[in-house]
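> Given the sequences, and given the hints that come with them, work out the whole structure.
Protein chains: 4
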Amino acid sequence: MKRLTIGIIGAGRIGNVHAESITYHIPEAEILMISDVDSVKAKALAERLGIPKWSDNHLDIINNPDIEAVLVCSPTNTHADITIEAANAGKHIFCEKPVDLTIEKILQAKAAVEKAGVTMQIGFNRRFDHNHEKVREIAQSGALGKVELVKITSRDPAPPSAEYAASSGGLFMDMMIHDFDMAQFLAGSPVKDVYAQGAVLVDKAIGEAGDIDTAVVTLTFENGALGVIDNSRRAAYGYDQRVEVFGEKGMAADENDCDTTVRVSTAQGVVSDKPQYFFLERYMGSFVKEMKAFVAAVRDGTPAPVTVDDALSPVILALAAKKSMAEGRKVAVREIMETHHV
Amino acid sequence: MKRLTIGIIGAGRIGNVHAESITYHIPEAEILMISDVDSVKAKALAERLGIPKWSDNHLDIINNPDIEAVLVCSPTNTHADITIEAANAGKHIFCEKPVDLTIEKILQAKAAVEKAGVTMQIGFNRRFDHNHEKVREIAQSGALGKVELVKITSRDPAPPSAEYAASSGGLFMDMMIHDFDMAQFLAGSPVKDVYAQGAVLVDKAIGEAGDIDTAVVTLTFENGALGVIDNSRRAAYGYDQRVEVFGEKGMAADENDCDTTVRVSTAQGVVSDKPQYFFLERYMGSFVKEMKAFVAAVRDGTPAPVTVDDALSPVILALAAKKSMAEGRKVAVREIMETHHV
Amino acid sequence: MKRLTIGIIGAGRIGNVHAESITYHIPEAEILMISDVDSVKAKALAERLGIPKWSDNHLDIINNPDIEAVLVCSPTNTHADITIEAANAGKHIFCEKPVDLTIEKILQAKAAVEKAGVTMQIGFNRRFDHNHEKVREIAQSGALGKVELVKITSRDPAPPSAEYAASSGGLFMDMMIHDFDMAQFLAGSPVKDVYAQGAVLVDKAIGEAGDIDTAVVTLTFENGALGVIDNSRRAAYGYDQRVEVFGEKGMAADENDCDTTVRVSTAQGVVSDKPQYFFLERYMGSFVKEMKAFVAAVRDGTPAPVTVDDALSPVILALAAKKSMAEGRKVAVREIMETHHV
Amino acid sequence: MKRLTIGIIGAGRIGNVHAESITYHIPEAEILMISDVDSVKAKALAERLGIPKWSDNHLDIINNPDIEAVLVCSPTNTHADITIEAANAGKHIFCEKPVDLTIEKILQAKAAVEKAGVTMQIGFNRRFDHNHEKVREIAQSGALGKVELVKITSRDPAPPSAEYAASSGGLFMDMMIHDFDMAQFLAGSPVKDVYAQGAVLVDKAIGEAGDIDTAVVTLTFENGALGVIDNSRRAAYGYDQRVEVFGEKGMAADENDCDTTVRVSTAQGVVSDKPQYFFLERYMGSFVKEMKAFVAAVRDGTPAPVTVDDALSPVILALAAKKSMAEGRKVAVREIMETHHV
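From first to last, the protein sequence lines stand for chains S, X, W and R.
At position 121 of the first sequence the residue is numbered 112 (the numbering used here), and the sequence of numbers has no breaks.
At position 35 of the second sequence the residue is numbered 26 (the numbering used here), and the sequence of numbers has no breaks.
At position 29 of the third sequence the residue is numbered 20 (the numbering used here), and the sequence of numbers has no breaks.
At position 116 of the fourth sequence the residue is numbered 107 (the numbering used here), and the sequence of numbers has no breaks.
Honestly, the hints are just simulated from the structure, not real lab data.
Incorrect hints may have been included.
Copies of the same chain are indistinguishable here, so a pair counts whether it falls within one copy or spans any two.
[Claimed, not checked] Cross-link-like lysine-lysine pairs, in silico, DSSO-like; alpha carbons within 27 Å at most:
id, residue 1, residue 2
1, Lys195, Lys137
2, Lys137, Lys240
3, Lys195, Lys183
4, Lys195, Lys240
5, Lys34, Lys88
6, Lys314, Lys96
7, Lys125, Lys240
8, Lys195, Lys32
9, Lys283, Lys34
10, Lys32, Lys240
11, Lys195, Lys314
12, Lys32, Lys88
13, Lys88, Lys280
14, Lys183, Lys314
15, Lys88, Lys106
16, Lys44, Lys(-7)
17, Lys183, Lys125
18, Lys34, Lys(-7)
Encoded structure:
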């Protein structure tokens, strides 16, 4: 059985994560080349994992006829263009989220992928998290009956710099984008309208840069269910990632993962572990599982579990949230779609 | 030390609860008379607890010079008028929530109470719940730093009849009224504006009667914090009552109370108890504590812990929520107050 | 329906507990008299609860023809004699544990009770604890299959004085006596043999007084199951009361009760409540339930749920444990019984 | 920096586990050869992980001058002889537990290792488990004060065949051996004496083969603390692995690991995950950590964290437990040591 040959574009944090997943956990795939505009990084990663080639030019991967699939792990503003190049070269594509901050670019990438007939999977890794995935499975199984309410808590352990916040597209586009995807994944239905309330409570500089750091967003889904997401850029106790699906027959909810199950009981109280610190700790298992799913989809010729349409929808919701917050009213998804001719 | 003498108006479910609290747990008070328009009920309660007198006319309590305080446990639409009568007769008053469904009547009751200079406490018993009260104490202690987010989940085990729903003032006025009070209690700040999203997911008949049975409401507080309340009229697993306060230094959250701590582990999984069934089970302790607080406030001449102003505020929020849902936009509390000349 | 008339002998801590249970929670019974050698105590309790008579002589209760049942709440060394007097006077008897520290005296009391044909219930209140009772019910239901192992953890929050320890009959007789009863209750089988290991780890003075403060005891039951009890006189975090029944189909286990379900998450960890402090907090509900059961048994003429034989058995186990520890070997219950002609 | 070169003797389940740990997680080491008497197994493992050589003769590893360290993963009855061969050849040794079922053979292996001056580490992997390791750290830190009681629950999900049980050395030698090591690890002290009570409750055939399937063992440690271990060969709900250290200032205890944190609440109750199924699931992380520790110890020339003396001690305790059960009395460790001239 031939291994799927892969090239990785981008040797930053997430490029390293995927390279390790493939090397250590996916014998059905092999990495032929790593590229990064910083060739020192590309070389270091290649040598660390025994990858045969590296380059400072991603076109060396795009143009390599031995490579069947590429992982787009470069900065966000290059995702769409590289996706288009890769699709045109007939490569299967795994692209980190978001594909782009604009609807228009995502639609261009989508068109290229569809024209080329290649597989494209988007890096919404949280769908593969052991906890959230089980909540989804229970909801899908019918054990909860009709879904009535989806709740997501998603809080980072520490805020980014104000510069990052400003350039990232803002909290809705950079952080809540994951939760918009998760909400639809859990509800089993697309969102119909959005109401967003945001605030600057963590860091004034983030506010001065035009962004918010705390938000509560209410969703209504096409299937009638309600949803609510809360985000904060700073949870003193660590990365807080909890979901809850409530339906006519009951509720499935998960708790944070911790490093240990140890409880210490003293005269001062009973102390247990904080949640795992951040996404590399908490979601490491999900990165491996999403990559296995991508490799399997390409090799088996089956649909990717997270498609380019799944990339588009959360961006539309983020735009709706921005508009809602600005205007103090509920915004229909249709409104955003019509404005952008989706 | 002389006992506080009490008359109870209304021998229904909550009248019985308060009568038991005083008889069994509050030696500093004694009940002299019970009244109910249904004299059978009044007599039954009086005999059960050894209360010397009963009547089918609440004026027998109002006009009894030996009675210092009255508990208004009659139907909601009589609360305000009886409060005014009692205040005019110089009685201290414990009144079940809501004092009235209209702002105007509450203001009249407030005026009568202030003119008479009597103590008035409102039956927002959940403030005295062991779990929620501790969350509030931790938040007030500063251990969480500045409060940034308050979350409340409040779900009933089974929906009321559509008739009840229609006559009750609706979900915001009848059910979420408790949560509006709790939200401000936990945030330590009044609400500034409200966004409400409701749905009919549990019982179509409730929708046909003009009400909703599921809702998510977003709050912004004067102190800048955000809040979110979710309500459902039907949780298959029982009464779901959880609160969470999140701040710059951490989070305090409670879980539901259960009858036992037993866990049963078998090949099918690990099973633990459902939440206690409904408010009489879950909040019984809080009813005793609120009554002790009322008796103490009257005897010591100290302010009641839940005042007539605390009765007004959640009604304003309920009206704001109704308006918000109707108009699909955020509604400022000030808007409602100006309309009603508060 | 006539109320059961009760006299309480002993107005100490446990006498007060039972007097409150009856007054506040058991309308089917009424207390006619309280006695205590310290008449000040008797009078104070009588006045506090509106009990009509008090005395400094328990014979005033024994000889009172209006009293149908007596509660023996006096010091342990008087239990057997008062029980015999009460039985001879035809009273039904609720006697605090232990009935006596010697087998011989318990047998005398048993003979008197049986001769008089009165109901006698022993104060092993923990059988009525909401958690332990549910574990027992699950085990009895067959949901765990054949019981294979029973584990009990029982630790006090603070050690008694060395004087108390010495005069109490020692840890096995004074403290583990409850756990011996609980073990048989949970296993649904009498104990066959005992191995005991003890140590002085908490307070040297307890050792100097001839007692131990920490112990692990292994049991084998007649039905083949194994058991283990651990006791400590000092748990820094409070009263630790947990049981576990393990069988062929699974396990039922309980956790300690806490005052609240609140968890506080900060940079320092996640902190929850300690167990409730001691037996008056943790087991208050069980005291009410055992008294209800006694009143019901007498009024209905049904067998008491905890009989005089249940008083005897744990004393035999305590004697076996003492012997085992002294001799470093397993001791058969039969050995103790034969020595004492049971 | 040169990698540590390794040969693995035995390509069964645990040989595969260690081979994967080194290949995927320990860049400081490389595997040069695998041997197994079944060369098909050796070849399969070598090819799967890209290991250059394989053999059906472990002497090809022992005699390979390029190999610095060997992992002894062959059947138990070969451990001691291979260890001696490897030591004589100057190899560092990682040997699975138990080194042997007899004290004499372990002493021979120990002598060879000491004479050769090589590093030897024993495969008591549970010391490296994230939960148990943290309990130990807390106990060692002094946060619990003087240790007074150590409790270990260790239950397998399903019993082995009676044949296996008989040939394995029996429950104390095959299963509780891990818990004897863990007990001393947690107590921070060697055991002084042992009392063992066993039973055949799970499978009569195990009894007929001369073994037991359920046991409770009481320990006293040299430092005065008490200990208790319970073992069962069959827990219907999965692998049950919990430890508890209780001391003068409090308690540290762990719970089982589960696959997810999800709780499902319905009208039937609240259901959460069972413990992970067996040791390959639960202790996988510990296998990686013990191997990292071995590689580090050899490369740094520091003492191994689990030495050949740690192999000897649990075997002595297992022999003491056997003797105790046979004779119904407490057996001193010294008794066993003197008999075997240790």
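> Hint by hint, note whether the structure agrees.
Quick rundown of the hints versus the structure:
1. For a Cα distance limit of 27 Å, the shortest separation of Lys195 from Lys137 across copies, 14 Å, qualifies, whereas the shortest one inside one copy, 42 Å, does not.
2. For the identical chains of this complex, Lys137 and Lys240 are intra-copy neighbours only, at 8 Å inside a copy versus 33 Å across copies, given an alpha-carbon limit of 27 Å.
3. Taking the shortest alpha-carbon separations for Lys195 and Lys183, only the inter-copy value of 21 Å comes in at or below 27 Å, while the best intra-copy value is 32 Å.
4. Taking the shortest alpha-carbon separations for Lys195 and Lys240, only the inter-copy value of 17 Å comes in at or below 27 Å, while the best intra-copy value is 44 Å.
5. Proximity of Lys34 and Lys88 under a CA criterion of 27 Å is satisfied intra-copy only: 25 Å inside one chain copy versus 42 Å between copies.
6. In this assembly of identical chains, the alpha carbons of Lys314 and Lys96 lie at most 27 Å apart only when taken from the same copy (20 Å versus 39 Å across copies).
7. In the homo-oligomer, the alpha carbons of Lys125 and Lys240 lie at most 27 Å apart both inside one protomer (17 Å) and across protomers (25 Å), since each shortest distance falls under that limit.
8. Taking CA atoms no more than 27 Å apart as the test, Lys195 paired with Lys32 passes in neither setting, with 34 Å inside one copy and 61 Å between copies.
9. Taking the shortest Cα distances, Lys283 and Lys34 sit within 27 Å of each other both inside one copy (24 Å) and across copies (26 Å).
10. Within a single copy, Lys32 and Lys240 get their C-alpha atoms no closer than 52 Å, and across copies no closer than 37 Å, so neither meets the 27 Å cut-off.
11. For the identical chains of this complex, Lys195 and Lys314 are intra-copy neighbours only, at 21 Å inside a copy versus 32 Å across copies, given an alpha-carbon limit of 27 Å.
12. Only within a single protomer do Lys32 and Lys88 lie at most 27 Å apart by alpha-carbon distance; the minimum there is 21 Å, versus 43 Å between protomers.
13. In this assembly of identical chains, the alpha carbons of Lys88 and Lys280 lie at most 27 Å apart only when taken from the same copy (16 Å versus 33 Å across copies).
14. Proximity of Lys183 and Lys314 under a CA criterion of 27 Å is satisfied in both settings, with 15 Å inside one chain copy and 21 Å between copies.
15. In this assembly of identical chains, Lys88 and Lys106 lie within 27 Å of each other by CA distance solely inside one copy; the values are 21 Å within and 60 Å between copies.
16. When the C-alpha separation of Lys44 and Lys(-7) is checked against a cutoff of 27 Å, the pair qualifies both within a copy, at 19 Å, and between copies, at 23 Å.
17. For the identical chains of this complex, Lys183 and Lys125 are intra-copy neighbours only, at 25 Å inside a copy versus 38 Å across copies, given an alpha-carbon limit of 27 Å.
18. For the homomeric pair Lys34 and Lys(-7), the shortest alpha-carbon distances inside one copy (26 Å) and between copies (20 Å) are both at most 27 Å.
Going down the numbered hints, you'll see the structure goes against 8, 10, while the others check out.
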